[in-house]
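> Residue strings, one per chain:
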Amino acid sequence: MFAYIIRRLIYAIPILIGVNLLTFMLFFVVNSPDDMAVSQLGQKYVTPAAIEAWKHKNGYDLPLFYNAQEQGSHTVTETIFFTKSVKLFAFDFGRSESGRDITTDVSTRMWPSLAVALPTFVVGIWVNICVALMVVMFHATRLDRWAVFVFVALMSISYLFYIIGGQYLVAKTWKLVPISGFNGDIQPWKFLLLPVLVGVIAGIGSGARWYRTLFLEESNQDYVRTARAKGASEIRILFRHILPNALIPILTGVVVVIPTLFMGGLLIESFFGIPGLGSYMLDAINSQDFAIVRAMVFIGSILYIIGLILTDISYTWADPRLRLD
Amino acid sequence: MTTLTPAVMQVTDLKVEVAETSEVILKGVSLELRAGEIFALVGESGSGKSVTSLAAMRLLPGALRITGGEVRVGEDDLFDLSEANMQTVRGERVAMIFQNAMSALNPVQTIGEQVAETLRLHTRLGGDALRQRVVQLFAEVGIPDAAARYGFYPHQLSGGQQQRVMIAMALACEPDILIADEPTTALDVTIQAQVLSLIRGLTRSRQLAVLLITHDMGVVKNTADEVAVMYRGEIIERAPVDEFFRNPRQAYSRRLIDALPDLQHFHESDVDEALLQLEDVKVYFPIRKGVLQRVVDYTRAVDGVSLQIGRGETYALVGESGSGKSTLGRAILNLEPVAAGKITFLGQAIHTLGRRAMLPYRKKIQVVFQNPYSSMNPRLTVAQIISEGMDSLGMGLSATQREEHVAALLQRVQLDEAYSHRHPHELSGGQLQRIAIARALAVEPELIICDEPTSALDVSIRAEVLELLQELQREFGVSYLFITHDLSIVPSIAHRVGVMQAGKLVEQGSAEQILTRPQHPYTQALLASVPRLDSA
Amino acid sequence: MKPLILWSDMLIYLLVFALCIFFLRLRRDPQTREHWRQVLSTRLGMVTMTIILVYVGVALLDSLHFRRALEPVAGSPSGEVFYNNKVTSVLDLMLGGMGDRFERTYSAPFALDSFEKQDMKDDVGHTYRDFPPLEHAGGHLSHPGERWGDVLTRSATALLWGVLFSVLLIAPQWLLLRRSPFPWHASWMTQAVVICLSVWLVNISRYYHVLGTDLGGADVAYQSIKGIRTGVLLGTLATLIMLPIAVSLGVMAGYFKGWVDDVVQYLYTTLSSIPGILLIAASVLLFQVYIDLNPDFFTVGLEKADARFLALCFILGVTSWSSLCRLIRAETLKISQLGYVQAAHAFGVSHQRILVRHILPNVTHIILITFVLDFSALVLAEAVLSYIGVGIDPSMASWGNMINGARSELSREPIVWWTLSGAFFFMFVLVLAANLFSDLVRDAFDPRSTTASVAA
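Chains as they are written, first to last, in the numbering used here: chain Z, 32 to 356; chain C, 1270 to 1805; chain X, 10 to 465.
Read the hints as simulated data drawn from the structure, not as lab findings.
A portion of the hints provided could be inaccurate.
Straight-line C-alpha distance at most 35 Å; calculated DSBU-like pairs for lysine-lysine [unchecked claim]:
hint, chain 1, residue 1, chain 2, residue 2
1, X, Lys126, Z, Lys206
2, X, Lys343, C, Lys1551
3, X, Lys126, C, Lys1632
4, C, Lys1633, X, Lys266
5, C, Lys1773, X, Lys313
6, X, Lys126, C, Lys1558
7, X, Lys343, C, Lys1773
8, Z, Lys86, X, Lys126
9, C, Lys1558, X, Lys343
Chain Z regions said to be covered by chain C (calculated; three or more residues, Cβ under 8 Å) [claimed, not checked]:
hint, region
10, 274-281
11, 320-332
Everything numeric in this text was worked out from a predicted model, so none of it was measured.
All residues carry an ideal CB built from backbone N, CA and C; glycine is no exception.
Could you build all of it, start to finish, from the sequences and the hints given here?
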C-alpha cells in the first residue's frame, strides 16, 4: 500500500512536468512576450520603449529557455521558463501581472471556496442518493419513468439558469437571504445557504439519474436473487445489499473531485460574490492575468493528481475485493 | 414409481410466458418432491428448467409472467400467499442454491454475516448464539477452520468453499425443501464431486426434498433418485433414475445418455512421424512488486512441457481451469512469447519466428476457440469470416473461386450455402462452432488447436461437433491438439492424452492407458469424478 | 448579391455530408440497423429526432451566407458594385426581415411602447418624458386598445396558413410512409407543431416583437433563432475535431499496448489533470490576442467572429478528447482479447487490417454514444463560456451571449425577463431533445443495457 502511494507520487512528476511545459508553450510560444505586452498596454500606447519597460517590470525580458549571456547554471535559471514555470514546483507562484503575491491570495481565498464547495458536495451526494433510492423503490412503474424524464429535463437546463432562478426566487422575490456577498464573521451560513442550495439542485438531474442506473445495475446481480431466496424483504434488500454495493462506485467516482473542491466554482462564486479561488480565476481570465492562470493551472493539476491517488486508495478501503500492492 | 412417502412440494401445471410477447416458456410443468429424495430436472439451455424453479418461488425476472398452475408446499398454494407471507416461505421452508456461488454471494458482506442474515430473518437467534450456529453450519458443510472464516469475504474462498457457504446459507433454517440450480456447473470436476456428495449426504441425514436442476447427465446418474427431462418448456419423460438410464423412452433422452463417456472403446494411433514437437516449453508471466515495479517472480503458466503430436492424430490436453493448457495453445500459435524450450513444427523451430516469418506456418496451424459467440466478428458475414484466412495468407484465389471455396466448406461442415450471407448473431452456438471449424479448414491446415471447442455447447450438439471433427480428420488427415477440462469427451476423440496440472504435464500416454490405468494421483482423482455408464 | 462562404459554413456542410455517408454505410450492417430500428420504433425517439433535425435544418439554412449588393451610389464609376458589409443568410430571408426591425432599446413582448422613458417633443415643441412608441410594432393599429384583438385575429389566420403548410408537407410523407412500422405519426405531429409555430412567428413578427427586444433593440425571437446555428455547429464541430484524436490514440493504445499505451495514457492524464475551463479560457484568450494583433486577415466582422468561433471549436475539441480516448482504449483492450482478434492473429492478418476490420467497427457504438452525449454538453458549455467571456464573439448571436447580456437586467423593476426566456426556451428544447435521444441511442447500442435477456 505504502509502496503503491510512493509509486503513484513518482508517476505524478512527469505529469506535472508535462502540464508545466504545455502551459508554458501555450503562454510563451504561441504568443511572444511582445504580443502580451501589446495587449496588456493597449494598442494606443504601444511604443518599443513601453514594451521593453513592461517586459522588464514583469520579468519577460529574458530568453525563453537558454540564456547565452549568463554563466554556469545561470544560463538555465535566468530564463523565462525557469523563473516563470519551474519555480512553480517549489510552490513559488511569484507575483501577478498587477503585482500581488499569488501565494498569499491563494491561501486566503481557498477557504471561502471550500466553505461553499464542501457543503454543496456532501449535501449533493446525500440528496442524490436519497432521490435515487426513492425512484428505485418504484422501479418499472410510471413514477419511475416520469422521474427519469424529470432528471433528464433537469440536466438539460443550463447551470446559469439555476443560479439566476435561485437568486430571483429565494433572494429577490422571497427575500430569505442576501442575493450575494460573503462575510466570514457575521452569520456566514446566510451567505452560503443560497449558493449551496443552487449547487445541490443543479446537480440532482445528472447525479440522481446516474445513481439510479448504478442501483439498477446492482439489483440485476445474482446476490440480489440470493437475498430474495433467503426471504429478505425488498426494502431490506435495497438497503442491506444493493446500497452497500452501489456505494463503491458512487464513492470512488466522487473521490477524485474532493481535492479540487478547494478550487471552488467559477460561476457560483462570481454570481454570489464569494471571494474564493473561483472568482479569483475568473477575474484573472477577464483581466488576462496569465501569471495567476498559470499558477491556478498548476495547483489544479496537483489537486487532480491527488484526487486520482485518493480514488485508488478509496477503492481498497471501500471494496474488500481489492488490495493494492 | 415405488416411493410411498407423500409429496412435500407439489408443482402442478405451471405455465409461464414472456410478458411482452406472450411467447410461452413453460407449457404446464408438474412435479413432486419427496422428503429424503433428489428429484433431478435435466435439460439443455433454454429448456425452461431454471424458469420452473424461479417461477415456483415467485422469483421470476420482470420480463416473465406466470399464467397458470399451482405450487403446493404443505397446505399452502404459494401463488395465493401475500408477498410478506411468501418471504417467510423463502429461506425458512424452501431454500435455494444457485449456479455461480461467486456472484450469488454478496461481495461486500462477510460470509458469516450472510448466513447469519437468513437466521435473523426467520429465527429469534442473536448475539453469540447466532454466531455459534453459523460456525456450526460451516462445520457441517465442511468448511475447514469454520470459526476463523466467519469474517471472510466471498472472494477469499475457493469456488468449492463458496458453494459450501451457499449450502450452509440454504440449510440455516432447516428447510424441508432445497432447490439447487446447477450447483456444480461452475466448479472443477474434482470439487464438483465433493459438493455433490455433500448435497447427497445432507438429503439423507436431514430428510430434505431436493430439486436438482442440471444439464449434466453424469451428475444425475450419480446423485438423483428420480429424473425428469425437460425439452422446450415441457417435461417429456419422467422415471426413477435406474430405469431411466437402463431404458429411456424418448429419443431425446437417449441422445443425452449417449453423451456420457464410453470407457471401453478407445482410438488407437500408430503414427511415428512427429508433426509438432514441444521440448521443455516454458511460458512465464512476470509478477511485479514494490515502488519500482521490479520483476520479483514469475507465474509459471507453462512450466516445462514436452509432448509430440503425430500427423493425423488427436492429442487431448486435459486439465482444470488455470492449469496452463490454453496458454500452451497460444504459445504454439506463436501468440505468447516462450520463455524457454523449443517448439518445432515439421522440423522447423517456430517459437522464435517473427510476425512475417511466421506467416507460412500460420497456414499450417489453425485454431478453434471455446466461445463461438466471441470468436466471430459480429460485423462480418459468414462468408467474410471464413475467407479472412484465405485473403490474408495469400491463397491467390479469384473472387468466384473464393465464393465456391466458401460454399464447399460450408457444405463440408454440414451447413447450408445460404448461411454465407448471414451474420453471426443470427446463428446458434453449434452452427457458429461449425463455421469456426470451416474458417480453420479454409487454409488447409495440418494442425488445428481446438481450445475447449465444445464446452460452451449443449450436450446433444457437443456430440455432433465432435463427430464432425473426427470425420474431417479421417478425410483430410489433419491433427488436433484438443484442449479440454472435460475428461468425459476424451475417449470419443483422442488417440493420446496428456494431463496438465499447475503448468506441468503430470502424465501422458495413449488414451486407453490414461483412462484405464492412470498412474498419477491427480489423474486418478480426475477420472474418479467422471460419471460413467459402466458403473451401473 | 454575392455569396460568402465562411469556414464554418463549409465545415458544417462537409460534416453533414460525411455523416450521411457514415450512416448509409452503417445501414449495411444488420446489427446497426436493428439498433436504429429500436431507437426509432419509440414515439419519443421519433419526436426527439424530428426536433433535432429541425434544429440542424435551421442551422444549415443559416449557414448559407451572402452579402447584398448596395444600390449604386451616384458619382461612383459605373459597373462596379459595392456589397453591403452586413452578411445575410437564407434563414434571414425566410424569416421575412425579422432581424432588420430594430428598436431603440428594451421592449416587452407584444409591447407597443418602449420599456424606458425618453425625452420627446410634442407637437408644439414642449419636451416631455414618456415611453416612446416602437417603430416596428403596432404601427398599423389605429388605437392601442385594439392590440389583443388584432393579435388574436392575426394568430388565427397565421395558424390556418400553418395548418395548410403542414398538410402540404406531411401529405406526401403520409403517402410514402403510411405502411412503415415506425411511429411516423409522432414525427408528423411534431412537424405540424413546428411548422405552425414558425408560420405564426414569422407572420406576427411583422407587426409585433413576439419576445420583445433586447438592450440594443434587436428582436429577441430573431436572436434566439440565430443562436441555433451557433449551438448546433459548436456541438458538432468540436466533437468532430475531437473524434479522430480520441479514436486513433485510444485504439492504438489498446491494441499495441506497451510503450504506445504508456505514451497515450501519459498524454491524456496530463491533459485531464489541467482544469478544463482554465485551459479553454487561456487558449481562447491567447487566440483573441492573435486576432487582435492581426486584424487584416478578415474583411468583414463576421469573418473575425467566425475565426474565433472555429478556434473555440478547435480548442474544445483538442481539450476534451481524453475521456473518449480512455473509453475506447478500454474497449479495444477488451476486444483484443476476444476470439475473433486472436483468430485474425492466427491467420496472420496485418495489424492495419485488424484495426480497420475488427476493432474500429466494434467501437463505433462508443463513438456514436459519445457524439450524441457530448453534443448537449457542448451546447450547455457554450453558455457558460460566453458568460465567462471566453466563448462566442459578442457580435455573433448565441444563447450564451444573450444570457450574459440579460443577467444584469434582472435587478430592474419591472424585471426584464424575456431575453432570458428566449434563450432558455430554444436551448432547453434542443438540449432536452438531444439528451432524451442520446438515452435511447445508448439503450439501443450499449451492449451492457441489452443483456436483459431471458435466463433459462
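> Each hint needs a verdict: does it hold in this structure or not?
For each hint, the structure was consulted:
For a cut-off of 35 Å, the pair hint linking lysine 126/X to lysine 206/Z stands: about 28 Å separates their Cα positions. For the proposed pair lysine 343/X and lysine 1551/C, the alpha carbon gap of about 26 Å is at most 35 Å, so the pair holds. Pair hint lysine 126/X plus lysine 1632/C does not hold up; C-alpha atoms about 89 Å apart against a cutoff of 35 Å. At most 35 Å may separate the alpha-carbon atoms for a hinted pair to count; lysine 1633/C and lysine 266/X meet this at roughly 28 Å.
Only pairs whose Cα atoms come within 35 Å are accepted, and lysine 1773/C paired with lysine 313/X is rejected, the gap being roughly 72 Å. For the hint pairing lysine 126/X with lysine 1558/C, the CA-to-CA distance comes to about 78 Å; that exceeds 35 Å, so the pair is violated. Proposed proximity of lysine 343/X and lysine 1773/C is supported: the alpha carbons are some 29 Å apart, at most 35 Å. This hinted pair does not check out: lysine 86/Z and lysine 126/X have alpha carbons roughly 49 Å apart, beyond 35 Å.
Distance restraint check for lysine 1558/C and lysine 343/X: the Cα-Cα separation of roughly 25 Å lies within the 35 Å cut-off, and the hinted pair is therefore satisfied. For the region 274-281 of chain Z, the stated coverage by chain C holds: 3 residues have a C-beta nearer than 8 Å to a C-beta of that chain, and at least 3 were required. Coverage of the region 320-332 of chain Z by chain C is violated. Counting CB-CB distances below 8 Å, 0 residues qualify, and the rule asks for three or more.
In the structure shown, a violation is registered for the earlier hints numbered 3, 5, 6, 8, 11, in ascending order.
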